[in-house]
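Visitor: Here is how the chains run, residue by residue.
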Amino acid sequence: MEDAVRTTGWSTDGRLATADDATLVAACAQRAPGSFQELLSRYRRPAITLAYQMLGDLEDAEDVAQEAFVRVFQAIPRFRGQAAFSTWLYRIVTNLCLGNRRRKKATVELDAVKEPRASDSPSRQVTEVLLTRQVLDAMAPELRAILLLRDQEGLSYTEIAEALRLPLGTVRSRLSKARMSFRQIWTELSQLGDEPS
Amino acid sequence: MTCTLYEEQLSSYLDGELPLARAARLEAHLKVCPHCQAELDALGGIATRLRAASSSLRVSHDFDRRVLRAVGYWQVTGWQRPTKSYLRPLVIAALALLGMLAGVWHFFSGPFEPPPTWQPQPAAAIVAPASPNAPIPAAPQKGERRDQR
Numbered sequence: 001m002e003d004a005v006r007t008t009g010w011s012t013d014g015r016l017a018t019a020d021d022a023t024l025v026a027a028c029a030q031r032a033p034g035s036f037q038e039l040l041s042r043y044r045r046p047a048i049t050l051a052y053q054m055l056g057d058l059e060d061a062e063d064v065a066q067e068a069f070v071r072v073f074q075a076i077p078r079f080r081g082q083a084a085f086s087t088w089l090y091r092i093v094t095n096l097c098l099g100n101r102r103r104k105k106a107t108v109e110l111d112a113v114k115e116p117r118a119s120d121s122p123s124r125q126v127t128e129v130l131l132t133r134q135v136l137d138a139m140a141p142e143l144r145a146i147l148l149l150r151d152q153e154g155l156s157y158t159e160i161a162e163a164l165r166l167p168l169g170t171v172r173s174r175l176s177k178a179r180m181s182f183r184q185i186w187t188e189l190s191q192l193g194d195e196p197s
Numbered sequence: 001m002t003c004t005l006y007e008e009q010l011s012s013y014l015d016g017e018l019p020l021a022r023a024a025r026l027e028a029h030l031k032v033c034p035h036c037q038a039e040l041d042a043l044g045g046i047a048t049r050l051r052a053a054s055s056s057l058r059v060s061h062d063f064d065r066r067v068l069r070a071v072g073y074w075q076v077t078g079w080q081r082p083t084k085s086y087l088r089p090l091v092i093a094a095l096a097l098l099g100m101l102a103g104v105w106h107f108f109s110g111p112f113e114p115p116p117t118w119q120p121q122p123a124a125a126i127v128a129p130a131s132p133n134a135p136i137p138a139a140p141q142k143g144e145r146r147d148q149r
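Going down the list, the protein sequences come from chains A and B. Mapping of the first sequence onto my numbering: position 93 corresponds to residue 93, and the numbering continues sequentially without gaps. Mapping of the second sequence onto my numbering: position 91 corresponds to residue 91, and the numbering continues sequentially without gaps.
Hints in this document: simulated from the structure, not taken from any laboratory. Cβ atoms here follow ideal geometry from the backbone N, Cα and C, with glycine treated the same way. Each hint should be verified, as a subset may be incorrect.
Stated by the list, open to error - Examples of chain A residues toward chain B, derived with CB under 10 Å:
#1 Thr49
#2 Gln66
#3 Val135
#4 Gly154
#5 Tyr157
#6 Thr187
#7 Gln191
What the hints assert, rightly or not - Per the computed footprint, the stretches of chain A lying under chain B, defined by three or more beta-carbons under 8 Å from a beta-carbon of chain B, are:
#8 21 to 28
#9 142 to 151
Chain A on its own, in the form it takes in the complex (with noise of 0.2 Å):
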């Protein structure tokens, strides 16, 4: 791999592009031009999106991101490669929220969920959204980091696993608990939403 990063020299013509993560991994190791930048480009947003849901803000959520790969690049030339980038990536950005006491409540107020549920009305899209972002925020935030890294981020067990340090047993005991929890929750304010004022 690391004559494949000499011989290519990594200038800008393409070849990051079509590279896979852990040949872009050892190129960043070797700090190849453009290769921090192909990792950022690939996984900015996901890394956004996941700190996104477990903060509730999108301004906490960019600085957590930019800390995680400011840890990535500062890391990378110490990295193995047991875990695959993307799992490594997203146990930075978890523990980052885990440590990260800011979670700001949702803004809108549940007088959201009253509008008219006409299926497939733009109303009803946007109040699931707000629901789901209240229900995210209700939830504990062990909880939550499962959930996320299973239904939003799409890890495998043994990815989740290796991205919280938990035996495999607890985290499909973790994951259930935290789908019944988020059903649960869902249910409670959905129902709370529908009474009259």
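Dock chain B against the given chain A, drawing on the hints supplied.
Guide: Chain B alone, transformed into the frame defined by chain A:
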């Protein structure tokens, strides 16, 4: 087995993580239990809701620049920041256009000469007398040139 025990397995079943024998028992239960089937459908919809909640997220346009600045990328790699590739052809095109315009202007304008103008002037102004007492020369006859005195 009660519904509560089956519900605990729904999450793993949804992800294909349930052992085959237990998955078979759960599937048999789902066929006769609309409550557990509804729970399974609801759990399966969580992923869709989460993705919908973040689909309209707009990342700041300068996020990459902020990260690169934060890590000191240009100093660490010792690599020059690449010029914006889309600017170069624009600059070349603008210079070529300016050159063409200058060429066209030069071709049509030629050396500068003010347009000829004719203004009638009094004869006294044309040939001034040598002295105040000198006789004023007679006006030239028709067909006679003034400088043939």
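Visitor: Now, for every hint given, state plainly whether the structure supports it.
Guide: Status of each hint after checking the structure:
1. Thr49: Since the shortest Cβ distance to chain B is 5 Å, the answer is holds.
2. Gln66: The hint holds - A:Gln66 has a Cβ within 10 Å of chain B, the shortest such distance being about 5 Å.
3. Val135: At about 8 Å, which falls below the 10 Å cut-off, the nearest Cβ of chain B leaves the hint on A:Val135 intact, so it holds.
4. Gly154: 8 Å, holds
5. Tyr157: Nearest chain B Cβ about 6 Å off; hint holds.
6. Thr187: With a closest approach of 9 Å, the A:Thr187 hint holds.
7. Gln191: 14 Å, violated
8. 21 to 28: violated (count 0)
9. 142 to 151: Satisfied; 4 residues make the cut.
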